[in-house]
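Participant: Residue strings, one per chain:
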Amino acid sequence: GQQLNQSPQSMFIQEGEDVSMNCTSSSIFNTWLWYKQDPGEGPVLLIALYKAGELTSNGRLTAQFGITRKDSFLNISASIPSDVGIYFCAGLRYSSASKIIFGSGTRLSIRP
Amino acid sequence: NAGVTQTPKFQVLKTGQSMTLQCAQDMNHEYMSWYRQDPGMGLRLIHYSVGAGITDQGEVPNGYNVSRSTTEDFPLRLLSAAPSQTSVYFCASSPAPDQPQHFGDGTRLSIL
Numbered sequence: 606g607q608q609l610n611q612s613p614q615s616m617f618i619q620e621g622e623d624v625s626m627n628c629t630s631s632s633i634f635n636t637w638l639w640y641k642q643d644p645g646e647g648p649v650l651l652i653a654l655y656k657a658g659e660l661t662s663n664g665r666l667t668a669q670f671g672i673t674r675k676d677s678f679l680n681i682s683a684s685i686p687s688d689v690g691i692y693f694c695a696g697l698r699y700s701s702a703s704k705i706i707f708g709s710g711t712r713l714s715i716r717p
Numbered sequence: 014n015a016g017v018t019q020t021p022k023f024q025v026l027k028t029g030q031s032m033t034l035q036c037a038q039d040m041n042h043e044y045m046s047w048y049r050q051d052p053g054m055g056l057r058l059i060h061y062s063v064g065a066g067i068t069d070q071g072e073v074p075n076g077y078n079v080s081r082s083t084t085e086d087f088p089l090r091l092l093s094a095a096p097s098q099t100s101v102y103f104c105a106s107s108p109a110p111d112q113p114q115h116f117g118d119g120t121r122l123s124i125l
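Read top to bottom, the protein sequences are chains B and Z.
The numbering of the first sequence is this note's numbering, which starts it at 606 and goes up by one.
The numbering of the second sequence is this note's numbering, which starts it at 14 and goes up by one.
By construction, these hints were calculated from the structure, which means they are not laboratory data.
Which residues of chain Z face chain B? A few of them, derived with a C-beta cut under 7 Å, are:
1) Met-54
2) Gly-55
3) Leu-56
4) Leu-58
5) Phe-103
6) Asp-111
7) Pro-113
8) Phe-116
9) Gly-117
10) Asp-118
11) Gly-119
Covered, in the sense of this in silico footprint (three residues per stretch, anywhere, with C-beta under 8 Å from a C-beta of chain Z), are these stretches of chain B:
12) 629 to 639
13) 644 to 656
14) 707 to 717
Every value quoted in this text rests on a predicted model; they were computed, and no experiment measured them.
The C-beta atom is built at its ideal place from N, Cα and C for all residues, glycine as well.
Using the sequences and the hints given, assemble the complete structure.
Facilitator: What follows is the structure, given as structure tokens:
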């Protein structure tokens, strides 16, 4: 079936550093989504991308829909402690049975 | 704003028991879905529904049943619980399949 390869699996950063993570697939997607999950809660949508090449920002977060439609990137600038959590990418391919496929997540931790 | 409400938040079952996980949304969303989240595996789709009276299987449907008698509710039934079904279960909804989903806070289920 369709799979998304999300990397890195985890990262430890210093407060104030920039963060980059990405998702790749062998399949084309029509929509790319980025979610964040805090402990004990459900994922919350951060950014939605609908067009190849699209670059969208949400505060310190910027995400891009890859030109090939097979990848997406999320950048976080000047990280702060509340950025800690698990970030998931998700891809959606329009079909008669539209289903969102999730990556395995990137766990972001801040070094004390 | 209630959004997506899942009950119970925690449950412990014995092998072979049955139970229903409840999910309700008050946003009049047509599309609803159930996921399970296991460590290192992201979110995997169990079942989904594109509207009242319509359900379909996702990636990991075995051992689970769903029904959608109303737009608001989408219960997930475990017919005979097995230890492999120990997981965190998330319900999500969106206006349409090609729109970003809103998630509940999850049900943490342990099967002994």
